[in-house]
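Going line by line, the protein sequences match chains L and W.
Numbering follows the working numbering, in which position 309 of the first sequence is assigned residue number 309; successive positions increment by one, without gaps.
Numbering follows the working numbering, in which position 225 of the second sequence is assigned residue number 225; successive positions increment by one, without gaps.
Errors might be hidden in some of the hints.
What the hints assert, rightly or not - Below, in silico cross-link-like pairs of lysine-lysine (DSS-like), each with a Cα-Cα straight-line distance of 30 angstroms or less: (1) W:K284 to L:K348; (2) L:K110 to W:K284; (3) W:K358 to W:K348; (4) W:K110 to L:K284.
To be verified - A few chain L residues that face chain W, going by a derived Cβ cut-off under 10 angstroms, partial list only: (5) H261; (6) Y273; (7) F319.
Source of the hints: derived by calculation from the structure; they are not laboratory data.
Positions of the beta carbon are idealized from the N, C-alpha and C atoms, including for glycine.
There are 2 protein chains.
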Amino acid sequence: MTTFPSTNVEDVRTLVADRQLAELRAMLAFWPEPEVADLLMELNPTEQMVVFRLLPRQISSEVFTHLDTDQQNELLTQLNSEETRHLLANLSPDDRTQLFEELPGQATQKLLNLLGPEDLREARQLLGYPEESVGRLMTPDYVAVRPTWTIAQALHHIRTRGRDSETINTIYVTDTRWRFLDAIDLRRFIMAEPEQTVEQIMDRAYIVLSAFDDREQAVRALRRYDLASLPVVDSDGVLVGIVTFDDLIDVADEETTEDFHKSAAVAPLRASYSETGIGELVMKRAPWLIVLVFVNIFSGAIIAAFEETIAAVVALVFFLPLLIASSGNAGSQSATLMVRAMAMGDIKMSDWARSLRKEVLVSALLGISMAVAVWLVAFFRTGSEVALVVSLTMIIIVIVGSLIGTVLPFILSRFGMDPATASGPLITSLSDIAGVLIYFSLATWLLGIL
Amino acid sequence: MTTFPSTNVEDVRTLVADRQLAELRAMLAFWPEPEVADLLMELNPTEQMVVFRLLPRQISSEVFTHLDTDQQNELLTQLNSEETRHLLANLSPDDRTQLFEELPGQATQKLLNLLGPEDLREARQLLGYPEESVGRLMTPDYVAVRPTWTIAQALHHIRTRGRDSETINTIYVTDTRWRFLDAIDLRRFIMAEPEQTVEQIMDRAYIVLSAFDDREQAVRALRRYDLASLPVVDSDGVLVGIVTFDDLIDVADEETTEDFHKSAAVAPLRASYSETGIGELVMKRAPWLIVLVFVNIFSGAIIAAFEETIAAVVALVFFLPLLIASSGNAGSQSATLMVRAMAMGDIKMSDWARSLRKEVLVSALLGISMAVAVWLVAFFRTGSEVALVVSLTMIIIVIVGSLIGTVLPFILSRFGMDPATASGPLITSLSDIAGVLIYFSLATWLLGIL
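Start from the sequences and build out the full structure, keeping to the hints where you can.
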């Protein structure tokens, strides 16, 4: 991949200090916006403002969207009203919505006051859609044509309107009341004869989203239909905007990060890890950990009930961490396989029985191989009786752990919860309880009859 | 989102059985390809062939790319050579490479024999790039123009060549030896005056990939630069193909699935969960589980060393599962936060010290709140001495678990390994060992002096 003038911050600093602004401007002209944003984040506030003000307006707005929220907020406090007004005007409506969503309420209100009446109406409308809905992601900047127009008329319209629209790769057809009729590749316009009508090249093969759909549905549509942009309609079928693949990729990444965090019992963070403070991290991690302390009390109570067996054969305790860890590990594997396969649409709710059969078979084979490994260890350390108990327990609890890991995501999903909540820690705790009960019951019984 | 004629398989079956093929064809004409693929996968092989043969050739190839590999392989065995030849000819080169990669070697060889000389040369070239490289993902079907052409000439060329190319939304500029010069939005051609030259609208602002780059680099470029397609050059700078966002999204999903699986100590699967057999699942899951059995033996050995302490105060065992689970849980949280932040480029290797400081602070606060919870339980169950040992241990092992979880991804990454290998099970095992050692050492010492 081409790497850019290895963002040499020191060079930029020197140019700023020496006020060689023409050189600096020339140098930055060839940098892609994400690189300029990275550069800005390494500069001090004064240098930042010098560089930011040097950028052409269209570019500076684009660079702004690549900054972290904290940096955006800080930069906004340094711009005067006139500059802020220009910055906002040059942001695309979807980037504007995102900014308003992420900034603190007061900052958002201040910005809204700087918008022109047209942009304000638009911002209010976009912010009016539910959080995490498609409406919040879309931009109203698309090009629409009428079915009765000729291709030549349509192309003329595209040429005049295209500059301000997010994409012209797909052209939308609406009726005179802006109701959505079709989505057509620009390619078809280019290939068609100028005197044909739009109606003649319409194929009415389209995928359309509602502004009230959950944004995850938009991501699913992107994955499935490979479209770079999707039209969005309101409840009357009026074309209110489009969502583009780049915004949907960001949403998909956010959702995946949430799933990863849930898999370790971390509640979704509002920002990236590096932007999240100590306080929020504790608040997002403590609840489940503390719940799991109380869940784990059951395993303690079960052990207490078997105090006599343990006092008689202390060697049983040697294998306790190993056994419950193995059960939890096998369970985490099953849960992770299920959760990810469900997220990717590979398995559905109706596949629960098939998945269960598969996991029971797999975990039985895993349990047997782990039992052989642990039998070898236990036999030489503690003799044949404990070795038998430990290896039999291993087989059973690996299967039980897998069962818990397999079934839990389906149960959660059945009750309308996110299957990703079937986290490693939750499964570990549940299989700990089951494991302790199985181990000491089996030990008490077997050692009693052997 | 629009839902499609709720894929009523029974209706299709009836139409096939009644040989009402004209109706069936008309019905399927409006279905998107992924829906037709889903339908096919629900039919029996005979019905499948009837429906597949009804589809227009262009459509059937597209539908074919949406089938699972098993289904593709089965369908290919039923097509005659003539049909297979047409199917292959209608696949885009990147879809063809993917098919050859995924089919068993023998099947691939049979297909290669059916290709025309031109397609065969192309397939051999694409398969010649390293596995998981950008070369394997790209398609040579792009539209290129020369800098000296006028816009009118270029548009004429786009019109004639565009039908067979993967995208015309970006037009590539090359010299007469096909060396890459620039990537230009089709929009700029549409907006420009017909008599301008291509040179005049070039801005030389582009991102370019090498065919030998790892495909993950292409995904990072997609995330960073929001481009729907990226040009790919060979070592001489010759434009050999383009990669498009839809293929990169598939790659990103695969990589994420691998990371998820690694986080639960499952080695990467070759296909989706539902396509993976029992044997492969066992082979991908057993190695780590068995390694972890042997790692866990250390915790057993440590417990054995403290046999006297345990025999004296059996109540200590009650809290063993809870304490080691808590340490493992906190460690999994830290590791998951690190691994995901590293994958998203949020934190880099150089951020290790900052992350460590943050995690120590967070885990100290978590440890204290969990210590309070467990103290309450222990005090009423076993009295103040054990309660003190248990809650002190809790604070220390939660911090230690978090330290392990934070540091391990950085260490793995430092030695060129995937940080995602710092899985929950691995961290659980390591923090089990540390936890057992800390718990019983502290207990022996404190109960000795109290």
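Verification of the supplied hints:
no.: 1; hint: W:K284 to L:K348; in the structure: holds (23 angstroms)
no.: 2; hint: L:K110 to W:K284; in the structure: violated (55 angstroms)
no.: 3; hint: W:K358 to W:K348; in the structure: holds (15 angstroms)
no.: 4; hint: W:K110 to L:K284; in the structure: violated (55 angstroms)
no.: 5; hint: H261; in the structure: holds (6 angstroms)
no.: 6; hint: Y273; in the structure: holds (4 angstroms)
no.: 7; hint: F319; in the structure: holds (6 angstroms)
In summary, the numbered hints that this structure violates are 2, 4.
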